[in-house]
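J.: In case you want the letters, here they are:
Protein chains: 2
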Amino acid sequence: MESTMINAARQWRLKSHPHGLPVAENFELVTEAVREPRDGEVVMRLHYVSIDPGLRLFMNPTSHSEWEDRNEEGGRAVLVGEGEPIKAWGVGEVIASRSQRFPIGTFVRDIAATASVQEYACLHEDELLAVQADVAPLPAHLGILGMTGLTAYFGMIKVAKPRAGDTVVVSGAAGAVGSIAVQIAKMMGCRVVGIAGGPLKCTWLRDELGVDVAIDYKARNLGAALREACPDGMDIYFDNVGGEMLDTCLANLAQRARIVSCGAIAEYNRTGAPYALANWFAIMSKLATWTAFNYFDYLPQSSEGIAALTEWLQQGLIKAPERIVEGIENFPAAMVMPFSGDHVGKLMLKVV
Amino acid sequence: MESTMINAARQWRLKSHPHGLPVAENFELVTEAVREPRDGEVVMRLHYVSIDPGLRLFMNPTSHSEWEDRNEEGGRAVLVGEGEPIKAWGVGEVIASRSQRFPIGTFVRDIAATASVQEYACLHEDELLAVQADVAPLPAHLGILGMTGLTAYFGMIKVAKPRAGDTVVVSGAAGAVGSIAVQIAKMMGCRVVGIAGGPLKCTWLRDELGVDVAIDYKARNLGAALREACPDGMDIYFDNVGGEMLDTCLANLAQRARIVSCGAIAEYNRTGAPYALANWFAIMSKLATWTAFNYFDYLPQSSEGIAALTEWLQQGLIKAPERIVEGIENFPAAMVMPFSGDHVGKLMLKVV
Numbered sequence: 052m053e054s055t056m057i058n059a060a061r062q063w064r065l066k067s068h069p070h071g072l073p074v075a076e077n078f079e080l081v082t083e084a085v086r087e088p089r090d091g092e093v094v095m096r097l098h099y100v101s102i103d104p105g106l107r108l109f110m111n112p113t114s115h116s117e118w119e120d121r122n123e124e125g126g127r128a129v130l131v132g133e134g135e136p137i138k139a140w141g142v143g144e145v146i147a148s149r150s151q152r153f154p155i156g157t158f159v160r161d162i163a164a165t166a167s168v169q170e171y172a173c174l175h176e177d178e179l180l181a182v183q184a185d186v187a188p189l190p191a192h193l194g195i196l197g198m199t200g201l202t203a204y205f206g207m208i209k210v211a212k213p214r215a216g217d218t219v220v221v222s223g224a225a226g227a228v229g230s231i232a233v234q235i236a237k238m239m240g241c242r243v244v245g246i247a248g249g250p251l252k253c254t255w256l257r258d259e260l261g262v263d264v265a266i267d268y269k270a271r272n273l274g275a276a277l278r279e280a281c282p283d284g285m286d287i288y289f290d291n292v293g294g295e296m297l298d299t300c301l302a303n304l305a306q307r308a309r310i311v312s313c314g315a316i317a318e319y320n321r322t323g324a325p326y327a328l329a330n331w332f333a334i335m336s337k338l339a340t341w342t343a344f345n346y347f348d349y350l351p352q353s354s355e356g357i358a359a360l361t362e363w364l365q366q367g368l369i370k371a372p373e374r375i376v377e378g379i380e381n382f383p384a385a386m387v388m389p390f391s392g393d394h395v396g397k398l399m400l401k402v403v
Numbered sequence: 052m053e054s055t056m057i058n059a060a061r062q063w064r065l066k067s068h069p070h071g072l073p074v075a076e077n078f079e080l081v082t083e084a085v086r087e088p089r090d091g092e093v094v095m096r097l098h099y100v101s102i103d104p105g106l107r108l109f110m111n112p113t114s115h116s117e118w119e120d121r122n123e124e125g126g127r128a129v130l131v132g133e134g135e136p137i138k139a140w141g142v143g144e145v146i147a148s149r150s151q152r153f154p155i156g157t158f159v160r161d162i163a164a165t166a167s168v169q170e171y172a173c174l175h176e177d178e179l180l181a182v183q184a185d186v187a188p189l190p191a192h193l194g195i196l197g198m199t200g201l202t203a204y205f206g207m208i209k210v211a212k213p214r215a216g217d218t219v220v221v222s223g224a225a226g227a228v229g230s231i232a233v234q235i236a237k238m239m240g241c242r243v244v245g246i247a248g249g250p251l252k253c254t255w256l257r258d259e260l261g262v263d264v265a266i267d268y269k270a271r272n273l274g275a276a277l278r279e280a281c282p283d284g285m286d287i288y289f290d291n292v293g294g295e296m297l298d299t300c301l302a303n304l305a306q307r308a309r310i311v312s313c314g315a316i317a318e319y320n321r322t323g324a325p326y327a328l329a330n331w332f333a334i335m336s337k338l339a340t341w342t343a344f345n346y347f348d349y350l351p352q353s354s355e356g357i358a359a360l361t362e363w364l365q366q367g368l369i370k371a372p373e374r375i376v377e378g379i380e381n382f383p384a385a386m387v388m389p390f391s392g393d394h395v396g397k398l399m400l401k402v403v
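Same order as they appear, the protein sequences are chains A and B. So the first sequence is numbered by the numbering used here: it starts at 52 and just counts up by one. So the second sequence is numbered by the numbering used here: it starts at 52 and just counts up by one.
Pulled out of the complex, with its shape left as it was, chain A reads as follows (with noise of 0.2 Å):
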């Protein structure tokens, strides 16, 4: 292998820990020179960079994630340190390798989001997946055949289970995961319900993604909608918010529904005290179960959901709106777009 040695490659670090939601001052951007790949391990250059809310996680100084301590089947993300690079999730092509699995050229991304905000990863060959560029572009890779079209398909097909006619209530329905889940769930043959903030992600998800009532959780009563959308309550709550939208959603369940938690992007910002549930008790009278889940406990089954997601592409069944950012330099402005911008769909940064 001839020498790669890149003297100058970007990459963002945890500077202090942000109180609430971040700000530029939490992070730096350094420069300086990766390091020659050892044996297994591949220079990866990375493309785009998934943005996603659950990344605010990481930032924590202490334990208070659903990622943590989740190496148990391969997948591990643990919290950044201060001075540490920002974990996230990448897609990106091989430049420099010592691995058989993954030689020069090939495209590639990574398990458990250690591709990081940078330009250049030095990643083990067990960090990564090969990815079939010719199959769908490289930002489909990182969102709906990435880890959100999979937290999706898993937790809608695996969780929640749904069957035809039942009526599905999403959370956060306009994101990454959201937007996915709600279409999976019409094509099982369900009343499909989507919560999201403002009127232009409920056009778009009325008008793009076909659910069945949209509602603008921030111009209407909430309770009062839903009562309205779901007479009969709901069968399932795939939520990404909790909080008090997971709370008011636990007012109106159906007998024997089923929860299920892949987020709670209310939460993730919070600096007072957690949001107390004042409806739990709706879990014993309606005989609910509640499962929080993540990707990382269907990665050993990752191809099966990417084999079906690739599928619905192509054929056109589902689609899988990006937003992207153009630039590393941006991270910081991105980041915060997840818990306030009026995107819908995937988020990313190009930083190729």
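No wet-lab data here; the hints were simulated from the structure. Please note that a few of the clues may not be correct.
Copies of the same chain are indistinguishable here, so a pair counts whether it falls within one copy or spans any two.
Listed next, the in silico SDA-like pairs over lysine to any residue satisfying Cα-Cα at most 20 Å (straight line) [what the hints assert, rightly or not]:
1. K209 to G156
2. K212 to T340
3. K237 to E318
4. K237 to A280
5. K66 to F78
6. K401 to V81
7. K401 to V387
8. K209 to W363
9. K209 to T340
10. K237 to K370
11. K212 to R242
12. K209 to E362
13. K209 to R307
14. K237 to G274
15. K212 to G284
16. K401 to V376
Following the hints, complete the assembly by docking chain B onto the known chain A.
T.: Coordinates of chain B only, in the frame set by chain A:
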């Protein structure tokens, strides 16, 4: 069939819906004739009536009950209106019959609390199960082999699914359900922590039922006691209490914990706002599952549970203590004992 007309049978009725803990004024003891059984019906002379905390839920004016609307699989227990007989499970003998399945002399128990708090019940055969009075004394058919024992059995075996080595925490551990649940968990090779109120119950849990740690929540800070008793967190939390106790347990879950709820005694007499769960995010951070279930869910599999519990009972592997209150006239006093009493195991009223 000769006439077995009984002209003066005592029956407890709901005079007014309780506000908080039931008081004597909420109930009324009336005397009236028992009607003749019609085709498919029998008259059952009640020997014992089961006094369960969950009966309190039947006394609410409106639905807030895990028992309500539960007639899918043959079980049904509905709210009691003012002037109606108090719902309760009972065991007794058939003294008049127009049922092929249950001739005179058969011992029976009811499926869905329609026996009620009375001396005689005229019930349809579909509301009844035969009990083997030669296998265990009548009270056992109401306790360990009845609703509460089956709740413990199915909740532990089919819902919680303990694995050897699991740390299992049971609240209300000295109660009718909890005392069976802790013993099943011990038989499955688990480390068992029982939570109960008062030194008598805790000593009994340790010395008689063999739990590894008994926590007197009235004497100690529960959170501190749980951290000490479960340094690696709890794999299973079997909840009979709900409210603040559930909240404290949520703060001490192990990764992938299973929470199983079959009751929430702390909530049954609540008159103000519901207790709000502050630690619900632990469901997310620990990738936990919370399942509420009740006895009706497993009615079709009752015989499996009865067979297993009978065998354990006959082999002396499980204890099923009963506290028997004599005399149907003492129902109002008995009805508050589940919420304040110092008894262990199954509480029932001896009618005959």
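J.: Compare the structure with each hint and give your call.
T.: Now for the hints, and whether the structure bears them out:
Within a single copy, K209 and G156 get their C-alpha atoms no closer than 35 Å, and across copies no closer than 51 Å, so neither meets the 20 Å cut-off. In this assembly of identical chains, the alpha carbons of K212 and T340 lie at most 20 Å apart whether taken from the same copy (12 Å) or from different copies (15 Å). With identical chains, the CA atoms of K237 and E318 are never at most 20 Å apart, being 28 Å at best within one copy and 38 Å at best between copies. For a Cα distance limit of 20 Å, the shortest separation of K237 from A280 inside one copy, 16 Å, qualifies, whereas the shortest one across copies, 47 Å, does not.
Taking the shortest alpha-carbon separations for K66 and F78, only the intra-copy value of 5 Å comes in at or below 20 Å, while the best inter-copy value is 67 Å. For the identical chains of this complex, K401 and V81 are intra-copy neighbours only, at 18 Å inside a copy versus 79 Å across copies, given an alpha-carbon limit of 20 Å. Only within a single protomer do K401 and V387 lie at most 20 Å apart by alpha-carbon distance; the minimum there is 16 Å, versus 66 Å between protomers. In this assembly of identical chains, K209 and W363 lie within 20 Å of each other by CA distance solely inside one copy; the values are 17 Å within and 36 Å between copies.
Taking the shortest alpha-carbon separations for K209 and T340, both the intra-copy value of 14 Å and the inter-copy value of 14 Å come in at or below 20 Å. In this assembly of identical chains, K237 and K370 lie within 20 Å of each other by CA distance solely inside one copy; the values are 12 Å within and 51 Å between copies. Taking CA atoms no more than 20 Å apart as the test, K212 paired with R242 passes inside one copy only; the shortest distance there is 14 Å, against 33 Å between copies. Taking the closest pair of Cα atoms, K209 and E362 come within 20 Å of each other only inside a single copy of the chain (18 Å); across copies the shortest separation is 37 Å, beyond that limit.
When the C-alpha separation of K209 and R307 is checked against a cutoff of 20 Å, the pair qualifies both within a copy, at 17 Å, and between copies, at 16 Å. When the C-alpha separation of K237 and G274 is checked against a cutoff of 20 Å, the pair qualifies neither within a copy, at 23 Å, nor between copies, at 44 Å. Only within a single protomer do K212 and G284 lie at most 20 Å apart by alpha-carbon distance; the minimum there is 17 Å, versus 29 Å between protomers. With identical chains, the CA atoms of K401 and V376 are at most 20 Å apart within one copy only, with a shortest distance of 6 Å there and 75 Å across copies.
Comparing the model with each earlier hint shows violations of hints 1, 3 and 14; every other hint is respected.
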